[in-house]
Structures are given as C-alpha cells and as structure tokens.
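On the provided structure of chain X, position chain R as indicated by the hints.
Going down the list, the sequences are from chains X and R. Read left to right, the first sequence gives residues 1 to 424 (the UniProt record's numbering). Read left to right, the second sequence gives residues 1 to 335 (the UniProt record's numbering).
The hints are simulated quantities; they were obtained by calculation from the structure and are not laboratory data. As the structure is a computational prediction, the values presented were derived from the model and not from experiment.
Pulled from the structure, derived: some chain X residues nowhere near chain R, Cβ distances all over 10 Å:
{"#": "1", "residue": "V141"}
{"#": "2", "residue": "T145"}
{"#": "3", "residue": "K166"}
{"#": "4", "residue": "A167"}
{"#": "5", "residue": "E240"}
{"#": "6", "residue": "Q287"}
{"#": "7", "residue": "E307"}
{"#": "8", "residue": "K330"}
{"#": "9", "residue": "Q344"}
Simulated crosslink set (DMTMM-like; lysine to aspartate or glutamate; CA at most 25 Å straight-line):
{"#": "10", "chain 1": "X", "residue 1": "K363", "chain 2": "X", "residue 2": "D289"}
{"#": "11", "chain 1": "X", "residue 1": "K252", "chain 2": "R", "residue 2": "D277"}
{"#": "12", "chain 1": "R", "residue 1": "K297", "chain 2": "X", "residue 2": "E55"}
{"#": "13", "chain 1": "X", "residue 1": "K293", "chain 2": "R", "residue 2": "D169"}
{"#": "14", "chain 1": "X", "residue 1": "K71", "chain 2": "X", "residue 2": "E349"}
{"#": "15", "chain 1": "X", "residue 1": "K117", "chain 2": "X", "residue 2": "E327"}
{"#": "16", "chain 1": "X", "residue 1": "K246", "chain 2": "R", "residue 2": "D277"}
{"#": "17", "chain 1": "X", "residue 1": "K58", "chain 2": "X", "residue 2": "D365"}
{"#": "18", "chain 1": "X", "residue 1": "K274", "chain 2": "R", "residue 2": "D188"}
{"#": "19", "chain 1": "X", "residue 1": "K227", "chain 2": "X", "residue 2": "D384"}
{"#": "20", "chain 1": "X", "residue 1": "K246", "chain 2": "R", "residue 2": "D188"}
{"#": "21", "chain 1": "X", "residue 1": "K227", "chain 2": "X", "residue 2": "E237"}
{"#": "22", "chain 1": "X", "residue 1": "K293", "chain 2": "X", "residue 2": "E349"}
{"#": "23", "chain 1": "X", "residue 1": "K356", "chain 2": "X", "residue 2": "D373"}
{"#": "24", "chain 1": "X", "residue 1": "K271", "chain 2": "R", "residue 2": "D277"}
{"#": "25", "chain 1": "R", "residue 1": "K162", "chain 2": "X", "residue 2": "D59"}
{"#": "26", "chain 1": "X", "residue 1": "K142", "chain 2": "X", "residue 2": "D334"}
{"#": "27", "chain 1": "R", "residue 1": "K297", "chain 2": "X", "residue 2": "E209"}
{"#": "28", "chain 1": "R", "residue 1": "K81", "chain 2": "X", "residue 2": "D384"}
{"#": "29", "chain 1": "X", "residue 1": "K117", "chain 2": "R", "residue 2": "D91"}
{"#": "30", "chain 1": "X", "residue 1": "K410", "chain 2": "R", "residue 2": "D193"}
{"#": "31", "chain 1": "R", "residue 1": "K297", "chain 2": "X", "residue 2": "D224"}
{"#": "32", "chain 1": "X", "residue 1": "K252", "chain 2": "R", "residue 2": "D188"}
{"#": "33", "chain 1": "X", "residue 1": "K274", "chain 2": "R", "residue 2": "D169"}
{"#": "34", "chain 1": "R", "residue 1": "K162", "chain 2": "X", "residue 2": "E291"}
{"#": "35", "chain 1": "X", "residue 1": "K274", "chain 2": "X", "residue 2": "E290"}
{"#": "36", "chain 1": "X", "residue 1": "K246", "chain 2": "R", "residue 2": "D193"}
{"#": "37", "chain 1": "R", "residue 1": "K297", "chain 2": "X", "residue 2": "D414"}
{"#": "38", "chain 1": "R", "residue 1": "K297", "chain 2": "X", "residue 2": "D88"}
Every residue, glycine too, gets a C-beta built ideally from N, C-alpha and C.
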Amino acid sequence: MTSRHMGAVRVAAVALAGGLALAACSGGSGAGSAGGGGASDSGQKVKKIKLVAAEYSKDHTAAFWKQFADKYKAKTGTELEVQVVSWDSIDQTSSTMIQNNNAPDILNLNAYASYAKDGLLYNADEVLPASAKSDILDAFVKSGTYQDKLYGFPDLSSARAFFYNKAIFKKAGIAAPPKTWDEFEADAKKIKSLGGDTIPYALPLGPEESQGEFSMWLFNNSGDWKKDGKWTINSPENTEALTFLKKLTDEKLTQNNPGKTNRADAFNLFKSGKVGMVVGFSPLAGQLDEEKKVDYGVAPMPTKMSEPQTFGVTDYLMAFKKPGNQEAVKAFYDLYYQKDQVNQFIKAEGFLPVTKSGIEFFKDDPKLKVYLDTLPNAHLTPTDDPTWDKVKLAVQQNLGGAVGSGGDPKKVLDDLQKQAESGS
Amino acid sequence: MPDQQSSVVAAGSPAATTAGGADGAGTPSRGSGVRTRGRGGARGDRASLGSALLWLGPALLLIAGVVVYPAIELVRASMSKFSITGLRLGDAGWTNYTNVLDHPLLPTVLVNTIVWVVAVVALTIVISLGVAQFLTKDFRGRKLVRWAIIVPWAASLVITAKTFVMIYDFYYGTANLLLSKFGLGPVDFLGSDTWIMPSMILVGVFVSIPFTAYVFVAGLGAIPRDVYEAARVDGASPFQVWWRITLPLLRPALLVAAVLNIIYVFNSFPIIYTLNDRNPGFSHDTTITFMYKLAFKSAEKDVGMSAAAGVFNVLLILVVVMVYLRFTRWREETA
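This is chain X alone, in the form it adopts within the complex:
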C-alpha cells in the first residue's frame, strides 16, 4: 500500500539529492566580505592552527607533516591540525573554505597573488623570521612578492630538464642529446625512422599543466609571459615556439593528440620505454630510478639561445590573517625553514630546495646537479601577478587547441593575450 508513496518519495529524494549535489558543488555562499584585518587587535591567542597541505606523494607528504606537527606542538605548545588534500581537489577545498569564512591558518598552493590581492594574507614582515627570509633564493623572493611585499613563502621548488631514453638514442644512432632545436628535430626524425610504436617526443599540452611545457620552450626562444610589466603572450618569440610545437605535431614526431595529453600521461609513456624524449623534472627521475626499467639520461633543454634556459616552479605556504594566530603562524615558519625540516621534506618528495642553505645541503647529490646549477637563474611564470592565476587557467584550457588539427598558434596566443590584458 505504501509502495506508491515510496515511489514518489524516491523520486523526490533523487531530485532533491540532485539539487543538493549542485549546491554542494557550488559551495556555501560567502559569509560576509571579510577582508582579514583586525588580526593583531585581538588579545586572545589561538591554541590550535590549521594547515591545508597539498599532497605531493602518498608516501611522504602526510608522514612529513605528522612529524612536523609533533615537533611544532612540543616546541610551541600550540596544536597543528594538518589536512592533506590532493592536487586535484585543493582549489575546490580552499575556495570553499574561504567562501565559508573558514580559511585555514596556512595554505599550501601553487598560487598566492590573488589571495594577497584580496587582503587575506600576512606578509613576510608580519610572520616570517628574518633569518628565514634572508635564506630564501632571490628568484623565489621575486616570484613571491606582490606589491613590494613578500606574501608567497616557497615550500619547495622544481626545475625542468630534458630527459632522453638512452636505448632509443643508441638504436637511432644519436651520440649526444640535442643542444639546439634543429638538432632536436633531426633527432626526433631519426627516432621516428626506427618505426614501430616508438614515439620521438612526448609533448603534453593537455589541460593539466600545458603552461609548464610551453614555458620550457618559450624561455628557450628568449620569450616570456610578461616582460617589463606588460603581457607578451603573443610575442613573436612565443608564437614561433608554439608554431614549432605544432610543426612537431604535424610531422607526427610526438605522441598521438598532444593537445589532449596530460603531463602524467606523457610521463607514463616515457616510463614505459616507448618515448625517446620528454621534458621532465626530479620526481620523474625518482620514479624512473625506482622502477629501473628505462635507461635514461638528463640534459639541459635544447635551446635557440646561447645558453639553455630552464623553467622553475615553486609552490607556496601562505599565511591567512586570523585573529590571534600571528605568533603561532610565525612559529610555524620558524620551524619549517629550519634546515633539517624544509630540506627533509624536499628530499623525501624528490624536489629542489628553495633556500641558499638548501642548495648547500643538496649540492653533493650528483643526480640533482643538472637542476641545481640552473635553479638560481630559472625562469618562473608570473605568479606575482594575480591576473596570472586566471591566465594560467585560460592557457591550460586553450593551448592544446593550437596544436590540434586546424589549430592556429598565433590566434590562440592572440586570444590569450587579449584575455590577460583585459584582466589586469
């Protein structure tokens, strides 16, 4: 008898659950337009602070932060709650937290400038011990500075390098890794002539991180995203670089559909031994060493300039202004930038240091030499400009289209340039 009702209830429940899911996706609404401030005028000190950390690896990230929280507690008496979030969902997590006026005290992310612009963050003068500040590499101080103040405190860094499969190079009769773009293209063609399913170059221009791959190429063509405060996305150098990538695609010197290949997919192809060349970074080397399947070499990036350039990335640990948390946050950075902490983290995750003392710490590791030499001069994306936070997303969603069939590199870059100019 009640079955009819159950049917109706079920439909209602399904429909409502649908609505609910939508609501959940969009998050709650903002509870007022709080812009931070008022941080220091509260006398009440917090007993606990919260860190939202990005998950660099399943094995090491949570383990590091757990021991860190224990040390922090022992040292300061303040509790450190750690929430480790995957890169996939960290944007969503942080955005929802801020919408609900429930920001963490410290957030680990690959961007900071928009947060600084919104007035949510402490700057270095407020929470970063002077010894730590002076230890941070100049390149990262520059990228972490928004409107003359340092807000983006780097947690670790990486730099790209050129990876090649030695077995494939040998088979194709290539003696040494290519130094110029012409050599690169010639070597790619040699690998292609091997036939089979060997892929000369794995080119990831899919939405995951296409700005990284493209950066590596444009920096080696004396291009840049921004020069002297002006967007230069569609500069002749950049257009030439993207046109070159399109040419590689058209000549089938890359894997299938590079505009729709994510970085992880390209790495997997290289790890399987099918790929001759790929732009990688130290964590890829770590995985290759562990699997011992591919005999690979690491070299500087082929370049059109006199010296090979590299693309560096750093992520940030930013501190949110909340009543009474300033001292606890300062103590957090004091501990994090201790040599044994920051470098232990970086070592476990297989990344590169962000401090001058860190370069000393790692300099005897022969595997890292190729990166460490270039790190202080690495080019970074303009993370100090809040507009970049949106431009980056636009690049990720559109760059792949340039190398697809019928894609027009010039037009794609023109559109991105327009978008960047209208955003700043």
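Frame of chain X, contents of chain R only:
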C-alpha cells in the same frame, strides 16, 4: 513462482521497491489507489497537530537542513560577486546569470547534455528490456547472472570511469589491443572529437542498465499469468503477446525507469568528468561538468557564475520532476 521471484528481488534492491509501486498502480486488480490517497483525511480520525508535527518533525528538519538551506545558499551565491579565491566581494545582481547565458560555449554544452541524456536513457531502456526478459527466464546459473548484472551498479562511478579510461586508452587500452589484433586500431576513443561522446555514452549505459533492468524484472514479475494464458488460448504469436500484453502492462515501470534515469543521467558527474579529463575547454561537457569547471577549473573560476549555472540546472531538473508528477497523476486516473 512469479510472486516469489518478485519478492526476492524486492528484498534485495531498492529499485524493485519503486517498481513495485509502479506496477501496483498499473495493475487493474488492485484498488488501493484511492485509499492510499485519502489516508488520514478519509478515515476521519485525523491526528492532532502536535502529534502530526512529532511524526513529521524529523523529516521536516532533514528537508530544511539538506534541501531548503542549501537551496537558499545556492541562490545567494548566484547573486554574489566572488573573487577567484572564493572571497565574497559583494552583490552581483543578475550578472552571473547573464554571464552564463552569454557564455559562448553554452549552446555546445546544452547540445551535449541533450545528446548525452537522450542517448543514454534510450539505449539503457531498450537494452534493459532485453536483459529483464532474459533474467525472468528460468535457467541454470540465473542467480549468478543476476548478481553479475548488479556489479556495475554497486561499484563507485569514479572507479568504473577510471577503469574505462584504461580500457579506452590510446596506447595501453585493452579495447585498442583487441582492435589492433584485428587490424582496426588504434582508435583515439577519448581524444577524438568524434569518439569521445559515444565512448562516454557507452559507459553511461553500462552503469544505468542494472537499475533499469531490475525495475523491469519487478514489472514483468507482476504481470498476471492468466493474461498470458488467455493470449495463448487465443493463439497469439510470441511477438503479439509481447507487443500487446507485456509492453502495455509494463508501461508504468517504463515511465518510472525513464524519468528516474533522466534525472540520474542528467546529474551524472563522474563519468563525464573522468573520461573527458584530458580534453581542454568545454567542447564535450554537459551542464553539470560545465558548472563545476566554471567554479574551479576554467579561466572564469567564478563561484557565483557556477552557482547561477547550478540554479539553471535545478530548474531543469524541476521541470523533469513536474513531468514525472504529471505522469503519475495520469496513472492514478487510469488505474
């Protein structure tokens, strides 16, 4: 025997419960429709307001907490201007709504949504009709087959979708290994603009069949045997029996299956999001993944605009639910 079957199914799956409600209304022999509707009022011993509230309270609280409150928040968010960080900057009026409507790729997304919903629901129903007929037949190992068909339903959608990514992969996918053996591959199932939608639809159908098939199994089990006997006595061919007896008597179950599937499939997020992961832009998104990308992945990265898209989505679902209610009233009238 048939009764036994349907009760077994009913105990095992919530879907069958729904279907039971459906065929209960459709079967002429039951007269409970009127009584069910007139509950409380017709009996004359109406409960006092206090005790009614006591009974309704938990449900009302639940509805207020998980439906009304989020809905209000959704509308509020859709009328607000947000920073890329998620910070609310102030009121936006209707800007977010006009931004959604003016989005250059909205037409593409709507077409994708229609193709996706219509194709998945239609294919699911057609295939499930066959599966259900098969499952009501008596054969060795039927229990095993019935369980096997539930599996795609029981597995998490994200896991199913990731499994299919591995099946479809251009270089390692099992589908392409097979196709290459026959000299047909490899096909870029997930990267080619032609193949991506059919590939996603296949997965959508795969995960929708179990529920739908069980709705039909229950529906078939409730069709009285004597009708079939009468048909056989009158010399009806198997097709005639199916076309003139099975299908009309299955109509309520069909309606339920269709409408519930429309809602499920319309709201389906994991399949499209996972399989379409490598494709830049919005060209293969439905309104649900469009909404998500607006908030977190696209250059818009605008929670307010996404919330406005969410409001549009809810309105679309409401239309579907209203259509459903209309159908149920129609059934009551004809019962």
